Amino acid sequence: MSSPNPILTTIIFVFAAQAIVLGVLLLTKRPRSQSNTFLSLLIFFFALMALNIALVNVLRSYNMMDTFRYVQLELLYGIGPALYFYTKSITDNDFRFSKKDLIHFVPVVLEFIFYRTAFYRLGSDGLYQTPAHPYTKYYLAEQWLGVLSITLYTIISLVVLFRYQNWLKQRFSNLENKSLNWLKAPIIIYSAFWIGWNILSEIDRFVFDRGLREMYFLPAFVGVAIVSYWIGFKGYVKARTKTSGYSSRKTKSDDSTHNPKWASKITKVMESKKPYLDPELDLTKLSELADLNPKQVSHTINRSFSKNFYEYVNGYRVEEFKQLVAKPENRKLTLLGLAFECGFKSKSTFNDAFKKTTGKTPSQYANQQKKESEKKHSVAP
Numbered sequence: 001m002s003s004p005n006p007i008l009t010t011i012i013f014v015f016a017a018q019a020i021v022l023g024v025l026l027l028t029k030r031p032r033s034q035s036n037t038f039l040s041l042l043i044f045f046f047a048l049m050a051l052n053i054a055l056v057n058v059l060r061s062y063n064m065m066d067t068f069r070y071v072q073l074e075l076l077y078g079i080g081p082a083l084y085f086y087t088k089s090i091t092d093n094d095f096r097f098s099k100k101d102l103i104h105f106v107p108v109v110l111e112f113i114f115y116r117t118a119f120y121r122l123g124s125d126g127l128y129q130t131p132a133h134p135y136t137k138y139y140l141a142e143q144w145l146g147v148l149s150i151t152l153y154t155i156i157s158l159v160v161l162f163r164y165q166n167w168l169k170q171r172f173s174n175l176e177n178k179s180l181n182w183l184k185a186p187i188i189i190y191s192a193f194w195i196g197w198n199i200l201s202e203i204d205r206f207v208f209d210r211g212l213r214e215m216y217f218l219p220a221f222v223g224v225a226i227v228s229y230w231i232g233f234k235g236y237v238k239a240r241t242k243t244s245g246y247s248s249r250k251t252k253s254d255d256s257t258h259n260p261k262w263a264s265k266i267t268k269v270m271e272s273k274k275p276y277l278d279p280e281l282d283l284t285k286l287s288e289l290a291d292l293n294p295k296q297v298s299h300t301i302n303r304s305f306s307k308n309f310y311e312y313v314n315g316y317r318v319e320e321f322k323q324l325v326a327k328p329e330n331r332k333l334t335l336l337g338l339a340f341e342c343g344f345k346s347k348s349t350f351n352d353a354f355k356k357t358t359g360k361t362p363s364q365y366a367n368q369q370k371k372e373s374e375k376k377h378s379v380a381p
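If you're matching positions, the sequence shown starts at 1 in the UniProt record's numbering and goes up one per residue.
These aren't lab readings, by the way, just hints derived from the structure by calculation.
Treat the numbers as computed from the prediction; the structure is a model and nothing was measured.
Be aware that one or more of the hints could be misleading.
[To be verified] The list that follows gives simulated cross-link-like pairs (lysine-lysine, DSSO-like), each with its CA atoms no further than 30 Å apart:
1. K268 - K234
2. K332 - K347
3. K355 - K332
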């Protein structure tokens with residue numbers, strides 16, 4: 001165990017307590033939603049883990065470690081299920097948590113009971129004994145199974161998130177407040193923490209005889225407390241535009257719903273009516289303009305143009321931008337202003353689409369066009 005550090009311990013207490021407060025606010029936020037419930041649980045489990053370490057240091061400073069073994073707060077097995085069901089809830093509006101899903105939280109109940117037994121008390125203390133106590137192997141097995149649980153649930157959560165984002169790109173040309181990119185960071189951080197923590201602890205134990213513990217123990221949990229507070233704050237204030245029709249279950253594509261003539265029909269609509277100038281253009285709107293159903297339009301874009309809907313529409317917007325930026329009368333306008341005229345809705349989407357299409361940033365392209373224009377004028381008679 002690390003030596004008592006009142007400054008780091010106080011920081012952990014402050015951020016972990018604030019995270020729990022945010023979790024309570026999420027739980028009571030109106031209108032109530034199951035996504036907020038699971039995010040609140042996720043924050044609670046991580047904040048509890050940080051508080052657990054802070055409590056360890058306080059009790060140790062008063063030589064009360066024997067008491068701590070009876071009030072262990074860490075609940076590893078709740079993190080994975082909370083993360084998974086939060087991801088499911090926030091990506092799929094039709095998902096409803098059912099009684100059969102409660103089985104995912106049975107391990108955390110068993111973990112709570114385990115911490116109240118001699119297997120935990122003697123096993124955890126045995127880590128610091130030579131030779132180790134016979135129960136230590138049970139304690140280590142419980143810890144590593146907890147890490148495995150978090151890892152597996154994280155992988156599944158990321159799969160759900162990536163499928164959702166791919167589905168969005170098949171239906172929407174702008175993804176603001178829909179893509180949930182901000183959620184990737186906490187998912188990965190929460191998973192990586194315990195994997196890295198246990199690996200580092202084992203290296204420290206066997207290679208350095210716990211000589212590095214002072215360097216990483218409390219600072220690591222300061223980070224956990226801060227990240228828990230951050231995700232709570234982000235989850236509380238972050239809104240997203242509701243989308244319907246998505247299911248996390250993978251559906252089979254129907255290759256028979258494709259006709260090469262539809263490609264020219266869609267192209268004609270895009271070039272003559274320029275629907276891509278509408279920032280809210282989605283698959284349904286384009287399908288109505290092309291007099292086709294959404295499935296036909298989506299599969300045609302995928303097969304005939306080897307793009308998803310998002311890439312296809314934004315490709316037209318990029319070309320429109322290139323035409324506008326080449327006109328001398330537009331040089332006084334900002335690049336972002338021109339991008340908005342072309343149907344883009346945010347700077348990040350514009351920069352991303354432009355770089356993927358041209359291999360250059362918008363400013364690099366504009367500067368190149370300006371230099372070429374000046375060069376032509378300088379050599380003109």
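Checked hints:
At most 30 Å may separate the alpha-carbon atoms for a hinted pair to count; K268 and K234 exceed this at roughly 43 Å. Distance hint between K332 and K347 is fulfilled; the C-alpha atoms sit about 18 Å from each other, no more than 30 Å. A C-alpha spacing of about 22 Å is found between K355 and K332, which places the hinted pair at or below 30 Å, so the restraint holds.
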